[in-house]
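Peer 1: Sequences and hints are given; from them, build the entire structure.
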Amino acid sequence: MKIAILKERASGETRVAATPETVKKFAALGCTVAVEAGAGVVSSITDAAYAEAGASVGDAAACVKDADIVLGIQAPELALLQGAKPGAWVAALFDPFGKRDVVEAYAAAGYEALSMEFMPRITRAQSMDVLSSQSNLAGYKAVLAAAEAYGRAFPMMMTAAGTVQAARVFIMGVGVAGLQAIATARRLGAQVSATDVRSATKEQIQSLGAKAIFVENVAGIEGEGSGGYATEMSEEYQKAQAELVSSHIAKQDIVITTALIPGRAAPRLVSDAQIATMKPGSVIFDLAVAQGGNVEGSVADEVVVRHGVTIIGYANTPARLPADASALFARNHYNFLSAFWDKEQGRPVLDEEIGNAIRLTQGGKVVNERLLG
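The sequence shown begins at 1 in the working numbering and counts up one residue at a time.
What the hints contain is simulated information worked out from the structure, not anything from laboratory work.
One should not assume that every hint holds.
In the EDC-like style, the derived pairs of lysine to aspartate or glutamate whose C-alpha atoms are separated by at most 16 Å in a straight line are [as the list claims (entries may be wrong)]:
| id | residue 1 | residue 2 |
| --- | --- | --- |
| 1 | LYS85 | ASP68 |
| 2 | LYS24 | GLU52 |
| 3 | LYS2 | ASP68 |
| 4 | LYS365 | GLU104 |
| 5 | LYS85 | GLU112 |
| 6 | LYS99 | GLU117 |
| 7 | LYS365 | GLU112 |
| 8 | LYS2 | ASP66 |
| 9 | LYS24 | ASP47 |
| 10 | LYS85 | ASP66 |
| 11 | LYS365 | ASP101 |
| 12 | LYS2 | ASP342 |
| 13 | LYS25 | GLU52 |
| 14 | LYS239 | GLU203 |
| 15 | LYS343 | GLU353 |
| 16 | LYS99 | GLU77 |
Quick list of the computed label-pair ranges, beta carbon to beta carbon [unchecked claim]:
| id | residue 1 | residue 2 | range |
| --- | --- | --- | --- |
| 17 | THR46 | LYS211 | 43 to 49 Å |
| 18 | ALA48 | LYS99 | 15 to 21 Å |
| 19 | ARG306 | LYS24 | 35 to 41 Å |
Fair warning: this is a prediction, and the values are worked out from it, not measured in the lab.
In this text, a Cβ means the ideal position worked out from N, Cα and C, and glycines have one as well.
Peer 2: Rendered as structure tokens:
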């Protein structure tokens, strides 16, 4: 069983799909691992480190030749897969809803595309969940980036010259990224509040020492959508939430938005009118900017100033922490394949629950129900 690791070629992508740690673990399963030269350089991993771990290091063609499985962060271009075995697995991020043409092309080429972002959010798949591992880092980085852009200190400071008031930080959306953002802002000494459309998150917010800001007595979303994500809000709830947020956001120094709905454009949470109520010098970090943005006027990888408020957001936030992001993503890949390892066959054999959830293509066709419905 040969596993190939290619250098990422997508713009702004700094991560790598395997580390020396996971190379050793794959070797222990009986796999041979081939890594393209230079694949880990941006993540602070040298070719020598891969070789020492037991991988062969060479050019892309040699790396992929006769590969049974190709692991990636972003799905590699088909031209890079020439020489892989027919029906080879490719496990990576495919953005299946946004890049349906890529999925169709993989089907036509005969590869079995495994979409890591479709990993079901169930207990036994937690260690394989790349969205959670990367969102955790994204929430952390969002707070640090906002703190850097903010022209004042985060914690309360009492000095002989007077007192510096703690920054007020408001987190909108309390998934994995939002919870980490709350925890990070609290560690930095900020006064933190947070909101979400899922009522079950109120206790999570409070457990981290933040104030929960919720719409009361209006029918909204009591439960979670598929896979633990929020679904779209009712019009009545949207109106009530907008009014509540408008009154709260005007008092905030920093706002971090994290709301995403799989397969759809990011919901709009902060309007230009709401931005105008914020104090000059305030900062907004839009973690959803790559999917259309939660904040009106946000632009990926650009600093926008509206009404004296600085709005920032990265197209690929986890890639701003390449070493740790790569380590976690690589472990997700290993945990996924090793969980289904069949010693007799010397290869992973997927079960229906997880296999059907993440498999996009098989036998020359698109087979995933989420794409066929």
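Peer 1: Now tell me, hint by hint, if it's right for this structure.
Peer 2: Hint by hint, here is what the structure shows:
Only pairs whose Cα atoms come within 16 Å are accepted, and LYS85 paired with ASP68 is accepted, the gap being roughly 6 Å. A threshold of 16 Å between alpha carbons decides the hint, and for LYS24 with GLU52 the separation of about 9 Å falls inside it, so the pair holds. Note on LYS2 and ASP68: the hinted pairing holds, with a Cα-Cα distance of about 5 Å set against a maximum of 16 Å. Our distance criterion of 16 Å between C-alpha atoms is met by LYS365 and GLU104, whose separation comes to about 8 Å.
This hinted pair checks out: LYS85 and GLU112 have alpha carbons roughly 11 Å apart, not beyond 16 Å. For the proposed pair LYS99 and GLU117, the alpha carbon gap of about 13 Å is at most 16 Å, so the pair holds. Distance hint between LYS365 and GLU112 is fulfilled; the C-alpha atoms sit about 9 Å from each other, no more than 16 Å. Straight-line distance between C-alpha atoms of LYS2 and ASP66 comes to about 7 Å, which keeps the hinted pair within the 16 Å bound.
Proposed proximity of LYS24 and ASP47 is supported: the alpha carbons are some 14 Å apart, at most 16 Å. Distance check on the hinted pair: LYS85 and ASP66 sit about 5 Å apart at the alpha-carbon level, within 16 Å; holds. Taken as a hint, the LYS365 and ASP101 pair is honoured in the structure, with Cα atoms around 13 Å apart against an allowance of 16 Å. Among the hinted pairs, LYS2 with ASP342 is consistent with the structure: their alpha-carbon atoms are about 15 Å apart, no more than 16 Å.
Between LYS25 and GLU52 the CA atoms are separated by roughly 13 Å; this keeps the pair inside 16 Å, and the hint holds. Of the supplied pair hints, the one linking LYS239 and GLU203 is violated, its CA atoms being roughly 24 Å apart against a limit of 16 Å. Taken as a hint, the LYS343 and GLU353 pair is broken in the structure, with Cα atoms around 21 Å apart against an allowance of 16 Å. Between LYS99 and GLU77 the alpha-carbon distance is near 12 Å, which keeps this suggested pair within the 16 Å criterion.
For the pair THR46 and LYS211, the supplied restraint of 43 to 49 Å holds, since their beta-carbon distance comes to about 46 Å. Distance hint for ALA48 and LYS99: a CB-CB separation of about 35 Å, inconsistent with the stated range 15 to 21 Å. Between ARG306 and LYS24 the Cβ separation comes to about 50 Å, which falls outside the hinted range of 35 to 41 Å.
Hints 14, 15, 18 and 19 from the earlier list are contradicted by this structure; the remaining hints agree with it.
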